[in-house]
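Residue-level listing of the chains:
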Amino acid sequence: MTPNAASASSGPSRRSFLASTAVATAAVAGGMPLLAACGGADSGSREGTTSGKDAKKILPAYVASNVVTPDIPAKNGSPIGFTSKLDLTTLKTSVPKKLGKGGKVTIMSPFWGSPPKQDNPYYKGMNDLIGVDVVWQNQDGNTYDQKLGAVLASSDVPDVVVVPSWNMGGKIPSAIISKFADLGPYLSGDAVKEYPNLAAIPTDAWQRCIIGGKLRGLPMPQSYVTGIVPLYRKDIFDKEGYEVPRTADEFLALAKEITNAKAKRWACLDMKWTAWQMFGVLSGSEKPLGWNLVDGKMINRIETEEYLEALEWTRKLFAAGVVHPDALMGKNAPDPGPKFAAGEFLIYSNNISQWWSRTAEQATQNPEFKIWGMDVHGHDGGDPTVWAEQPAGIFAYVNKKASEAVIRDVLAVANVTAAPYGTKEYMMTNYGVEGTHYTVKDGVPIKTTAGNNQVMNAYVMVASPAATLAHPDFPEVTKAQVEWQQRMGAFTKKSSFFGQMITEPARYTNLSNDFEQLEDDITRGRKKISDMQQAVSDWKKKGGDQLRDWYKKLLDDNGSAAS
Amino acid sequence: MSNSTVPRSGTEASTPEKDGKTPVVPPGGATGSGRGRGQGKLSLRLRFRRDRVLLLMTLPAVLLVLLFNYVPILGNVVAFQEYDPYISDNGIVSILNSPWVGLENFQRIFDDSAFWQAVENTLVLFFLQLVVFFPVTILLALLINSVVRPRVRAVAQAVLYLPHFFSWVLVIAVFQQMFGGAGMLSQLLRQHGYDGLDIMTDPNTFPFLITSQSVWKDAGWGIIVFLAALASVPQDLYEAAAMDGANRWRRIWHVTLPALRPVIALLLVLRVGDALTVGFEQILLQRDAVGPGAAEVLDTFVWWNGVRNQDFGYAAAAGLVKGVVSLGLVLVANKVAHLMGEQGVYRK
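These protein sequences, in sequence, are chains A and B.
Letter by letter, the first sequence follows residues 1 to 563 in the UniProt record's numbering.
Letter by letter, the second sequence follows residues 1 to 348 in the UniProt record's numbering.
Quick caveat, the hints were computed from the structure, so don't treat them as lab data.
A virtual CB, placed ideally from N, CA and C, is assigned to each residue, including glycine.
Among the hints, erroneous ones may be present.
Facing chain A, a subset of chain B residues (Cβ under 8 angstroms, in silico) [said to hold, decoys possible]:
| hint | residue |
| --- | --- |
| 1 | Asp84 |
| 2 | Pro85 |
| 3 | Tyr86 |
| 4 | Ile87 |
| 5 | Asp89 |
| 6 | Asn90 |
| 7 | Gly180 |
| 8 | Gln187 |
| 9 | Gly196 |
| 10 | Thr201 |
| 11 | Pro234 |
| 12 | Arg250 |
| 13 | Leu285 |
| 14 | Gly291 |
| 15 | Pro292 |
| 16 | Gly293 |
Required output: the full structure, derived from the provided sequences and hints.
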């Protein structure tokens with residue numbers, strides 16, 4: 001519902017895991033967040049958030065564990081980066097004893113790409129390593145929001161359900177609160193020390209797992225710096241002598257220069273997500289992130305001038321005919337990968353993980369191919385204002401009907417998938433089995449076709465270590481990714497509800513359902529900017545103004561986590 | 001085509017007349033089958049005894065209809081609730097515990113411009129499909145029927161039927177490859193100095209796009225019933241007409257078409273009952289490409305609000321409105337068929 005790209009950024013940013021399609025695309029909908037009891041950990045209230053002392057009581061203890069020292073330490077909120085070669089023969093073991101008790105756990109999760117068969121060597125190898133028989137229900141990530149509501153409404157909910165925050169629209173937060181188990185007894189405080197890799201997950205990521213006053217989720221931590229990057233074909237730019245644009249006008253002019261429809265070349269796909277960044281529009285990846293206190297008044301992103309300006313600029317791109325026609329298809333457009341590789345368009349906005357995954361995909365067949373990320377500038381060429389994303393955006397929840405044995409098995413899975421870089425568990429989770437999924441050449445692991453097809457975004461969804469960028473096969477890409485996020489991190493600001501998991505009152509949950517659709521109607525010329533202004537004024541009357549008061553009170557009561 | 005993939009409990013439940021009629025007719029039909037005795041004279045018990053075997057045979061079908069068509073109708077009560085399926089693990093318990101809101105959902109619907117837009121789009125698509133689809137199928141059937149060589153005929157039929165078995169995803173991908181902004185046609189035009197065409201993403205021509213897709217995919221399949229009807233036209237009628245000097249066109253006009261009339265009337269009535277169901281999956285897949293202003297129809301409206309936004313009470317109310325209107329339409333169409341002297345779907 002609310003738009004946003006941002007969300008996308010999130011999930012996967014740290015990993016290559018999105019091998020093929022974008023999470024970003026998936027992120028279709030904005031998200032809504034969550035919840036919890038203002039009142040106290042055990043109150044039944046479903047609205048609001050849990051912070052301060054109440055949160056402290058249920059958060060897991062933090063015990064740092066860095067097996068390998070990062071080559072690029074975190075700065076400005078960036079992930080840590082590893083660029084030097086890893087000695088694969090001396091990998092550490094972070095899980096000395098199998099914690100799994102051999103039970104069976106079914107997991108439903110969004111999947112970007114074609115899911116492998118259940119009995120593939122990667123799933124088998126992981127299950128052996130963990131000691132739990134994980135059965136996957138991989139669903140298309142791009143349309144996950146369309147299935148989630150129905151699955152949660154049934155009486156047959158899988159043992160574990162992975163929910164990205166951008167899919168938490170409508171009544172999903174209320175479903176999470178009533179259908180999923182409180183993991184507090186297993187993880188709060190020192191209890192987490194039984195699972196050392198989970199104890200090493202940063203506290204701000206755990207904070208986001210508290211919903212309905214209880215610790216319910218297992219997090220996939222991410223950098224709070226945006227992971228939506230304007231990616232471009234550096235090889236073609238260099239060859240043609242194109243310069244990376246520094247202003248919104250330059251971008252448009254360059255796009256016109258690049259486009260030659262007759263030769264089947266367009267400049268870009270839908271650049272709406274980049275427009276948000278250039279014009280400094282508040283994040284739309286989660287409803288609470290879209291609110292910010294300005295001069296004592298709570299303002300929503302859709303009420304800002306920047307929002308309209310960004311839409312207008314995006315509209316101009318479409319109107320100028322520089323956008324590849326596929327982008328008009330919206331969510332049902334084909335995977336942009338092959339057409340980007342074919343040079344049908346040169347720029348698109350997507351998750352930072354594609355910087356690496358597209359590189360790896362094309363490395364052997366297309367040695368010329370070079371994908372790179374553009375820095376985002378302010379629309380006038382000045383410094384941009386980039387709004388922070390949340391420190392965790394994808395969560396795994398355990399069915400409340402699950403027995404203690406099942407919950408323990410799930411935690412055993414999470415403890416393996418959250419192993420830090422430099423361990424055998426990390427290697428297995430991210431690269432698979434040596435010889436089958438990757439081969440080692442000059443000390444560098446190179447994924448095989450089986451590796452590219454099977455070792456995708458499944459296990460990493462259960463829980464992940466602190467945001468990490470490590471691609472031993474392409475260290476220069478890793479370095480560029482981390483540095484991009486560090487530069488953007490310097491311009492990143494946190495809005496009022498950064499870091500919190502907030503659940504809006506039920507009567508407002510459907511208020512902004514149609515804004516993303518309206519944005520797309522406007523950028524594609526089907527509706528006018530004035531229609532948006534009308535929609536915003538209707539939104540205020542139908543509850544937007546009351547929602548504003550509700551958020552203001554929440555901020556007054558709980559304070560802000562943003563500093 | 002409409003009941004594939006996505007769950008649409010609201011709509012399915014609310015259009016019982018569609019499937020309900022089949023099994024309901026047989027008991028009545030059996031009794032009225034005229035064995036020379038006035039049915040009014042037999043007591044219910046006697047009639048029951050006489051027909052017990054037939055009744056027994058219909059029993060399984062009746063049970064299935066009750067279970068899958070009538071029981072779910074009860075779920076429509078959520079249209080009068082602020083229904084939250086997540087408050088318990090059991091749908092019935094959730095219904096019992098959800099607050100009642102009276103007609104509020106209906107009020108919202110009638111105030112919702114998006115709903116009326118969906119109604120308008122649905123009707124436009126329905127009429128267009130009716131006007132284009134029907135004549136095309138009849139024409140195709142006549143054409144195929146006139147092919148004498150069995151081998152040619154078999155091949156032609158196979159080619160015509162085949163697209164029916166493609167999924168919509170595939171059909172739309174093919175259309176996109178051919179007619180999309182970067183598709184074959186557009187590139188061909190550009191290479192010859194013209195502008196590319198925006199066929200797949202132009203909201204103004206969307207109804208025509210949808211209709212031509214259904215014609216391409218399903219017109220071949222639609223001719224089957226007509227072919228069967230054509231096969232039953234007695235050859236001697238044609239011979240007699242030919243003897244009287246009727247040429248080909250006159251034979252079609254005076255012999256073939258009158259023979260098809262009952263079938264056409266029946267299919268029309270059925271189609272009208274389905275009027276508000278204009279192709280859920282096909283439209284959903286292309287909704288983004290043209291925006292909901294052009295592509296939202298009643299079924300996608302229900303889906304979007306119910307499944308996507310979890311506003312189930314609201315969606316159920318919209319589905320219920322659709323069901324009631326469909327029922328009205330089928331009654332009217334049936335009446336019209338009777339006035340035209342045709343049998344229609346049923347007769348009292």
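Per-residue hint verdict: Asp89/B, partner chain A, C-beta under 8 angstroms: 5 angstroms, holds
Under the criterion of a CB-CB separation shorter than 8 angstroms, is Pro234/B in contact with chain A as hinted? With a closest approach of 51 angstroms, the Pro234/B hint is violated.
Per the CB criterion, is Arg250/B less than 8 angstroms away from chain A? Where the cut-off is 8 angstroms and the nearest Cβ of chain A is about 49 angstroms from Arg250/B, the hint is violated.
Hinted contact Ile87/B with chain A - closest CB pair below 8 angstroms: This interface hint holds because 6 angstroms falls under the 8 angstroms limit.
Quick one, is the Tyr86/B hint okay against chain A at 8 angstroms, beta carbons? 4 angstroms, holds
Classify the hint on Thr201/B as holds or violated, based on whether any CB of chain A lies nearer than 8 angstroms to its CB. 4 angstroms, holds
Close enough to count: is the Cβ of Gly293/B nearer than 8 angstroms to one in chain A? 6 angstroms, holds
Can the hint on Asn90/B be confirmed by a CB-to-CB distance to chain A that is less than 8 angstroms? Given a least distance of 6 angstroms, the restraint on Asn90/B holds.
Do the numbers back the hint for Gly291/B, that is, is its least Cβ distance to chain A under 8 angstroms? Interface hint status for Gly291/B: holds (5 angstroms vs cutoff 8 angstroms).
Can you verify the interface hint for Pro292/B: is its Cβ closer than 8 angstroms to any Cβ in chain A? Pro292/B check passes; min Cβ-Cβ to chain A is 6 angstroms, inside 8 angstroms.
Is the interface hint for Asp84/B satisfied, with its Cβ closer than 8 angstroms to some Cβ of chain A? 6 angstroms, holds
Should the interface hint for Gly180/B be scored as holding, given a Cβ-Cβ cut-off of 8 angstroms against chain A? 6 angstroms, holds
Hints 11 and 12 from the earlier list are contradicted by this structure; the remaining hints agree with it.
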